[in-house]
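J.: Below, each chain spelled out in residue letters.
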Amino acid sequence: MTALFYIAAVVAVLATVLVITRSNLVHALLYLVVSLFAVAVVFYTLGAPFVAALEVIVYAGAIMMLFVFAVMLLNVSADSPLRVPRSAWIGPLVLVAVLLAELVYGIGLSNHALHAGEVGPQQVSAALFGPYVLGVELASMLLLAALIGARHIAAQPEVPDTEDPAGARDEG
Amino acid sequence: MAAVSLDHGLILAAILFVIGFVGLLTRRNLIVALACIEIMLNAAGLAFVVAGARWGQADGQVMFLFVLAMAAAEVAVGLALAIRFRQSLGRLDVDDADEMKG
Amino acid sequence: MLRLLWIIPALPAAGFVLLALLNRRLSRRAAAVIGAGSVGLSAVVALLIAVSFITSPPPGDAYRQVLWTWFDVGGLAPQVAFYLDAMSVIFVVVITFVGFLIHLYSTEFMERDEGFTRFFMYMNLFVASMLVLVLADNLLLLYLGWEGVGLCSYLLIAFWQKDVQNVYAGRKAFIVTRVGDTALIVGLFLLFTQLHTLEIQPLMAGAAKEWAAGSGVAVAAAALLLGGAVGKSAQLPLQTWLPDAMAGPTPVSALIHAATMVTAGVYLIARTNVLYTLAPDVRLAVAIIGTVTLLYACFSALAQHDIKRVLAYSTMSQIGYMFLALGVAGWSAAIFHFMTHAFFKALLFLAAGVVIEALGGEHDIFKMGGLRRKLPTAFWAFIIGAASLSAIPLVTDGFYSKDLIIETSLGAVDGNAWLWLGALAGSLLTSIYAFRLVFVVFFGEQQTPVTLHPRWRMKLPLVVLSVLSVVGGFVWLPGWMGGFHPLETFLDTALPVTQTVADSFAYTGVSALLTSLVAVVGVALATVWLVESRAALERFAARPTPHDVQDFWLHGWGFDWFYEHVFVIPVKWFARVARDDLVEPAVGGIAWLNVQAWRALSASQNGQLRLYIGVAGVGVAVIVALVVLR
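Residue numbers (the working numbering), protein chains in the order written: chain Z, 17 to 188; chain X, 4 to 105; chain R, 307 to 936.
Each hint should be verified, as a subset may be incorrect.
Covered stretches of chain Z (in silico footprint by chain X; criterion: 3 or more residues with CB under 8 angstroms from a CB of chain X, positions within the stretch not fixed) [unchecked claim]:
1) 28-40
2) 47-56
3) 70-77
4) 104-117
5) 139-145
Quick caveat, the hints were computed from the structure, so don't treat them as lab data.
Just so it is clear, CB atoms sit at the ideal spot from N, CA and C, and this is done for glycine as well.
Extracted from the complex, chain Z is given alone in its bound form (with noise of 0.2 angstroms):
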């Protein structure tokens, strides 16, 4: 199982530096899929196959799937990729390192083991229904608000009636 953990680690991490180096956008947003695929695989190994399917399902499918939907609607790939000059990387890089090099000093590398055993969906299931129940109604709440967000920020406007003096009025 450790193994497992390194080898889906190393998978993910790769994937990801990839995702952010693609100049092709559609290239970049698969690999992201398959990074999303490794990270499963790794909550999988510590114990957690609840999460590990619902990364799966909802971000490698439901959220990925939107982007490829915005892909194809503004038609991107008909863009030439915008390109960044090789020395726009290395400030980041400089701040990122030092960054991780604190985040990592804090935590720490010594080898403390997680629990044995997993915790499953009836436990996961029990939480959120149980002291988390508050929580689920706001995440659903936010989910609609999104929606009809999204909705409505995303429609087409309808060309101003020259007549109408009202101005524009939006479609539905």
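Use these hints to put chains X and R onto chain Z, whose structure you have.
T.: Just chains X and R, lined up with the frame of chain Z:
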């Protein structure tokens, strides 16, 4: 099942987070920037799950669920905005949005 | 008769006012009459008062005349009051009489000058101020006169103001004497705060009663007054202004810088002699300053080639003799020398003026020569003057006064052999430089033609002063010559008697012989030098070391250079720096800093999302570091 080290898990989360951050700072494509945000959120969720697995409790996974819901909402709205962005500015370059200049 | 005392300074003052008000509307003749006449009338009154004072002295040998109270503020209520005693009589007579002769001379000397009226205006103001100075009953009135003569000195040195060098000379005189004047006024403050009065007689009495000999306050007061005297009398270290003051017209040099103003310091010290008796160390300093200055000036005079500068250094030297006398408590001897010096120095300057005018403005003695037959009056005047200056024995008044000083420097209780030797050496050098001047100017080959001859108004003063330079000394004969000394008796009513060491060598005839010998030897040396083996000596003088030494003496031993670099240049630099408001750049700097900071901040607001995120990331790194590293 697990003899995976806590610290290694957290370090993995840190690495993923940091990679996402670099991408956010560097890439000019708006969609890629949104993807980088997703990477960072995913990494944070991983940290939560690792922490939950440390104690053998469900709380970590619950937090991950909430993070997931939030990420989904954010992506929906973000992509809708990206569509409008493309409509008004003509292309998806983040650097074009500089009306806050000065 | 003594009640007419106030007229003496009032007449020249009135002359000044008239000339000032009616300046343009007066003809030359009228201006001359007012200018010279006021001083002449003043001289007549002075003589009458002197006669009255001598024949029937007032009680206490002093006469005091109060005119009005000047002001009354916070315990200080000086009056405009005049005080006449034996010393003042001498000064007043000399100032008015010699002053009148010089004014008469000036009516001819300045006749072609366009500033004729202005000249007499300033001269009258000067005479009035000088008279106020010597007649003042309190130190504040004395200071008024002191400042007045300083002002007139400045105005008259810079009289030909179209040439900026003259103005610089006047400015230098004013500033250098100012240093001394500041010491003087501080001394006045000290005296007033300690003794609560500035009237001279009560001041002296109070000091004698309340201050112990050698006490700090007496030393301070005496030293401060000495500072003032040193400035006005052009002694070391404030002597640099006098040679440059020769830029003024010759009558100015004769009156102000020879006979009267420069002796104001001598007057001050003699007047406040009680303070110096109470502070013997300061009095010793007076003697040392006098001796060193007289030697310094003699060497410098030897190297000069401007006729008036030789005489200027000569004046410095003779005043050094007076200071020397004051320093060994030879008060009356100093006054005697003041009197004889006024006669022969004025004579020398006026004769020099004749020579300068005759040669069309030439000052360089090496361009003169052979004037013996062409200007006989000037020649004889110069001979008599130089002889008197060199103290040629028996027939000149300079001999009697200078010999007296030399005697006193050794024979007084406070005298010592070093001072005596210095005085003797000075005497030798004096005769050398004096006769060097005579020989170079009047003998040898004539270099410049004579274009103008003096007429009676320039010749008469020369004749009168020549006579005085011969007979003026007979009022105080030395002991070994019979002891006829009416002047000493007269002055003893005003000044303390000099304490002498009994049976001192100094008062014997041998000592006088030595003095005489020194003077004559000096003349002989000058003769040898200049008349006989001039060529040989010129070759010697042309070699580097003597030439450098001569150059060094020519420039007054580098005092000007030293003062220029140590004081003038730093002050001018600082004035230039401070001229553009020093504080403003500092204030402006704050504004500039703000603008730069604004620019930097503005640049960071470039609307770029990635930059903003990056900055936020930096903040995160910092915070994490703080947390992790705690």
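J.: Which numbered conditions among the earlier hints are violated in the structure presented, ordered from lowest to highest?
T.: Of the numbered hints given earlier, the structure breaks none, since each of them holds.
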